[in-house]
Amino acid sequence: MSAAPESAGLAGSPPPGKSGMSDRWFSILLIAPAMLITLIFAILPLIQALDVTFRMGDLSRGKIGDYVGLTNYRIVFADNQFWQAGWVTLKFTVVAVGLEMILGVAIAFLLHGATFAKGITRSLLILPLATSAAVTGLFWRYLYDTQFGVLNWVLGLLGLPEPNWLGDYTIALWSVVLFDIWQWTPFVALIALAGLQALPKEPFEAAELDGASKWRVLTTLTFPLLKPVLFLVLVLRTIDCVRLYDAVAVLTRGGPGTATETMTFYLYRTGLKLFRMDYASTMAVFFLYVMLVAAVFALTPLLKQFTDRAKEA
Amino acid sequence: MSFSQGWDAGFKTMLIYVGTVFFWLIFLERYFSNLGLSVLLMNVTGIVLGLGFFFWRRKVCRAERAAAEAEVALLIAEDR
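Just so you know, the sequences run in chain order A and B. Residue 76 in my numbering sits at position 76 of the first sequence, with consecutive numbering throughout. Residue 26 in my numbering sits at position 26 of the second sequence, with consecutive numbering throughout.
Careful, some of the hints might be misleading.
[What the hints assert, rightly or not] Derived coverage of chain B by chain A (criterion: at least 3 residues anywhere in the stretch with Cβ under 8 Å from a Cβ of chain A; other residues may be distant):
{"no.": "1", "stretch": "14 to 20"}
{"no.": "2", "stretch": "24 to 38"}
[Stated by the list, open to error] In silico DSSO-like links for lysine-lysine, alpha-carbon gap of 27 Å or less:
{"no.": "3", "chain 1": "B", "residue 1": "Lys-12", "chain 2": "A", "residue 2": "Lys-227"}
{"no.": "4", "chain 1": "B", "residue 1": "Lys-59", "chain 2": "A", "residue 2": "Lys-311"}
{"no.": "5", "chain 1": "B", "residue 1": "Lys-59", "chain 2": "A", "residue 2": "Lys-304"}
{"no.": "6", "chain 1": "A", "residue 1": "Lys-214", "chain 2": "A", "residue 2": "Lys-227"}
{"no.": "7", "chain 1": "A", "residue 1": "Lys-227", "chain 2": "A", "residue 2": "Lys-91"}
In case anyone wonders, no lab produced these hints; they're calculated from the structure. For every residue, glycine included, the Cβ atom is placed at its ideal position computed from N, Cα and C.
Please work from the sequences and hints to get the whole structure.
In structure tokens:
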């Protein structure tokens, strides 16, 4: 490569290519379709939803009505059912994500050290992920069935009490949690396993030579090196759990009563069953805001870690 | 302040303003008998907090840039 284009590239904007288009304009051209699709399918509906939050939006009257200011926000924030749905969502997220992370990482360690049937186990782990929650949810409804369900049949054989898994309001939420754990623990396990397999070997060999104990290697090498991967999977699972809808819709429809009604299911019920688009949009905007704030707080340490690594490099 | 730093600070400023509005509506508005006054105070508080954060970020970014430029200048001087 000659020196002239290099110096031109360093001095200012990149030089034009063969087509006469600079790299900057070419990159803008490449990203433009994705940005256009995002604008049409994400930004414009968001703007419309924001507009609806400030209007009377009772669809049973046939149209979006007049401007009402912050009234919809005041009504939604004074709605106990809304906060109850938020509390259910929070409980579900904390328990499901916590257990999925613990079990997923444990399975990943077991698989990492396994010498037999590693490939087939990995393939089997993908099965729950490959099927839609709407389909597997139906299977689990039959598993949980009080009359014909396998779970109660086994419990009956063992002489144990046979609970009404989805009908008892004290355990219905935990039944949904159990279903979510069954479906998503393999995801955590596979990502953690990929992270484990990608770890550099040299620090572990050095630790072995120094005679470090397994626990010390685990706490000072494995987990710190695996932290970015685990953090990423934690963020992904949290986002997914917070917007839980399909499992609830298939297993309990929010019941018994409102015991398993999550934020998104309440939002759906308000907007598409009760036709109050104004309240539903207001809840959606508040929900989006909470998720954005959570994402900012969750991603800041991760981005800081990447920046520090870049600085070190 | 670069474009990306400005974008980031602007986005967080918007989050702070909206967060103030939500916080006010959930926790503070019930103590106001005059709704108009409540909305006015809410907006003033949101704008003050948002702009305060933005200018603080701008100051931090400028200080970081100055420190980085000084470091680069030092390295260039060492090379000479």
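Right, here's what the structure says about each hint:
A count of 3 residues in the stretch 14 to 20 of chain B with a Cβ less than 8 Å from any Cβ of chain A is obtained; the coverage claim is therefore met, three being the minimum. For the stretch 24 to 38 of chain B, the stated coverage by chain A holds: 3 residues have a C-beta nearer than 8 Å to a C-beta of that chain, and at least 3 were required. Proximity of Lys-12 of chain B to Lys-227 of chain A is assessed by CA-CA distance (about 26 Å); at most 27 Å being required, the pair is judged to hold. Taking the CA atoms of Lys-59 of chain B and Lys-311 of chain A, the gap is near 22 Å; set against the 27 Å cutoff, the hint holds.
At most 27 Å may separate the alpha-carbon atoms for a hinted pair to count; Lys-59 of chain B and Lys-304 of chain A meet this at roughly 19 Å. For the hint linking Lys-214 of chain A to Lys-227 of chain A, the alpha-carbon distance of about 18 Å falls within 27 Å, and the restraint holds. Between Lys-227 of chain A and Lys-91 of chain A the CA atoms are separated by roughly 24 Å; this keeps the pair inside 27 Å, and the hint holds.
Checked against the numbered hints above, the structure violates none of them.
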